[in-house]
Amino acid sequence: MQERAKALFMPRQDLIGFAVLALILIVILPLVLDVFRLNLVGKYLTYSFVALGLVLCWGYGGILSLGQGLFFGLGGYCMAMFLKLEASDPVSTKIQSTPGIPDFMDWNQITAIPWWWQPFNSLTLSLIAVVLVPTVFAFIISVAMFKRRVGGVYFAIITQALAAILTILIIGQQGYTGGVNGITDLRTLLGWDIRSDNAKLVLYFVNCILLFGCLLIAQFIRKNKLGRILVAMRDREERVRFSGYDVANFKIFVFCLAAAISSVGGAMFTLQVGFMSPSFVGIVPSIEMVIFCAVGGRLSILGAVYGSLLVNWAKTSFSESFPELWLFAMGALFIGVVMAFPNGLASLFLRYIEPYLPAWYHGKAKPVEPAEVVEKASLTSTDTQPETATSKSTEKQSDETVPVNSLEGGVYVD
Amino acid sequence: MRNPSDLRLSKTGSPCQLSGRRLAVKALCALPVSLLLASHMAWAAPATSEVNTTGLAVTDDTVTVGILHSVTGTMAIEVGVTLPDWMMGSYALSETIEIPINGIFVMVLTLFISLCVYLLMFRSRWGKQVRAVVLNRPMAGAVGINTEKIDRYTFGIGCGVAGIAGSAFTMIGSTGPTSGQLYIVDTFLVVVFGGAQSLLGTIASAFTISQSQSTLEFFLSGSMAKVITLLLVVGILMLRPQGLFALKIRH
Chain A
11 MQERAKALFM PRQDLIGFAV LALILIVILP LVLDVFRLNL VGKYLTYSFV
61 ALGLVLCWGY GGILSLGQGL FFGLGGYCMA MFLKLEASDP VSTKIQSTPG
111 IPDFMDWNQI TAIPWWWQPF NSLTLSLIAV VLVPTVFAFI ISVAMFKRRV
161 GGVYFAIITQ ALAAILTILI IGQQGYTGGV NGITDLRTLL GWDIRSDNAK
211 LVLYFVNCIL LFGCLLIAQF IRKNKLGRIL VAMRDREERV RFSGYDVANF
261 KIFVFCLAAA ISSVGGAMFT LQVGFMSPSF VGIVPSIEMV IFCAVGGRLS
311 ILGAVYGSLL VNWAKTSFSE SFPELWLFAM GALFIGVVMA FPNGLASLFL
361 RYIEPYLPAW YHGKAKPVEP AEVVEKASLT STDTQPETAT SKSTEKQSDE
411 TVPVNSLEGG VYVD
Chain B
73 MRNPSDLRLS KTGSPCQLSG RRLAVKALCA LPVSLLLASH MAWAAPATSE
123 VNTTGLAVTD DTVTVGILHS VTGTMAIEVG VTLPDWMMGS YALSETIEIP
173 INGIFVMVLT LFISLCVYLL MFRSRWGKQV RAVVLNRPMA GAVGINTEKI
223 DRYTFGIGCG VAGIAGSAFT MIGSTGPTSG QLYIVDTFLV VVFGGAQSLL
273 GTIASAFTIS QSQSTLEFFL SGSMAKVITL LLVVGILMLR PQGLFALKIR
323 H
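Heads up: the protein sequence lines correspond to chains A and B, in order. So for the first sequence, the working numbering puts the first residue at 11; every next one is plus one. So for the second sequence, the working numbering puts the first residue at 73; every next one is plus one.
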């Protein structure tokens, strides 16, 4: 038991996966693409933060949230508020009736910056707020829900409702939030022009580094006891509860973590795109983010990145080349993915590509981690039922050294 | 046939028919629909419409559990509907109270659909099978109910009812490719708030939510009224997750 509990943080396959992704994002794409395209890729990558959060929260924890746009938006708005305050210094806004306040406030006859905008004068406080505000929000929601053992569809609906509420609130309170246009015309970060090509390049790399930071956190959780408890909780919640774990606390943790990761994505979105608007907060973007995650494979943290890149790239290129047909194409993509491989691109990789990779990829034969087996099983089988997944995996992997019993015993740590 | 809503009604009746943007939205919906509804096949529950006492008909949405399909139900190209003559105008109850005829029509339609769903769910063999599947899927399968078939039909009927809701909606508001999005949250919340397995609860909650919203709109701005109503509903759901009318079932 002791030996099995010590999971390898980065098995060879994952290491290669990370390295390939790093090679693509940090070396190949900047060499191949011009700054405009690279900036677009950077924008797509900000969505992959949300998708990564969803992999942890939905794929591992089994908590479907249809309101991740809420956290993405809150993070983005926190950043945008700081940038907007910096952009509206008294000199550049002297034509307004009240100089020194953001332009949309001036248009809405507001004469002073409201108190809750004040902390965003400082970059440090803003950066703290970027992560803290969404996390606290997520904490409140999840404590209220999970401590009462509300989950599943109800949770999804409530998160969706909250995303809708925030959108309506932002649009309705135009004087304080910029309304439907959002917070626009952001120029500098501490005097550094974020609209220049150079800045876009730097921000892209910062974005990549943050993304890899989040990926490593996710990998750490995945390979830890925590990750296994999450998977166990997803598949047999009652059993985990009766084993003495407080299921609610694990759910709260993973939901807050997903929110924090999403908010980082939101802040990077604002920095790279140069504005933030309610159209990235509401129901439709939230559902789209779930789709990114599903296309990539909801059990694969790297799949989340590829999924959001692929879907957004397809969206952009379809709409550029076939303005008439791009909605059909997107529809076909989504339906195709959901129908043909419910566990996303990652399952395709595991089923059709991984077995044919050379021996150095797989490394020397070693006992497969129980958590990994279950995970792989549910990735490769089209069935989401845990029982059938487990039984299939034992058939498939009969040549490996995992006896049937240890499989269950490993996941539900006794 | 002059009434375009009739055409749309027949359109939504056939699930295969996809027009331009409907496809994209349908695709967008396919995932959450399949996720939410595949395992939790609740049943179609059309809800109420209300006629506001001030005389301005604020007819709210008819609701189904095939909720997202209310999006696809109304998904035609942007249309301004010309109502047939007999639906124009209003019925004067007294000097100050006038009730638009299209509002009354929608309400009657809603009551009729509610009755149909009630009969279907609680007085037919099929309804009994649906309830059995919802309560205990493996057992329902074990006694010979084809659960997948029941799922498909339930989902289909839910979508159909949503389609009727969509066509009724065009008689009151304008219809565009995005008009359904506004109702996703409302419809979800109405069903959950009422208690997902109670027809009466759905009607009651739709009435409560829409009534409180239009009352609040009288005092506040439209968006704040909506925000406060939704927050209240979410708050109540956090305290009472099973909704207003919960079936007492031992699991």
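Since the hints were derived computationally from the structure, they do not count as laboratory data. Model, not experiment: these values are computed from the prediction. Among the clues, some could well be false.
[Claimed, not checked] Per label pair, the in silico range of CB-to-CB distance:
| no. | chain 1 | residue 1 | chain 2 | residue 2 | range |
| --- | --- | --- | --- | --- | --- |
| 1 | B | N218 | A | F230 | 23 to 33 Å |
| 2 | A | A342 | B | E220 | 51 to 61 Å |
| 3 | A | N208 | B | E220 | 27 to 37 Å |
| 4 | A | L236 | B | L304 | 14 to 24 Å |
| 5 | B | L303 | A | T198 | 32 to 42 Å |
| 6 | A | N259 | B | K200 | 36 to 46 Å |
| 7 | B | L183 | A | A324 | 42 to 52 Å |
Idealized CB from N, CA, C, for every residue including glycine.
The hints, checked one at a time:
no. : hint                         : in the structure
1   : B/N218 to A/F230: 23 to 33 Å : violated, 46 Å
2   : A/A342 to B/E220: 51 to 61 Å : violated, 25 Å
3   : A/N208 to B/E220: 27 to 37 Å : violated, 58 Å
4   : A/L236 to B/L304: 14 to 24 Å : violated, 36 Å
5   : B/L303 to A/T198: 32 to 42 Å : holds, 36 Å
6   : A/N259 to B/K200: 36 to 46 Å : holds, 41 Å
7   : B/L183 to A/A324: 42 to 52 Å : holds, 46 Å
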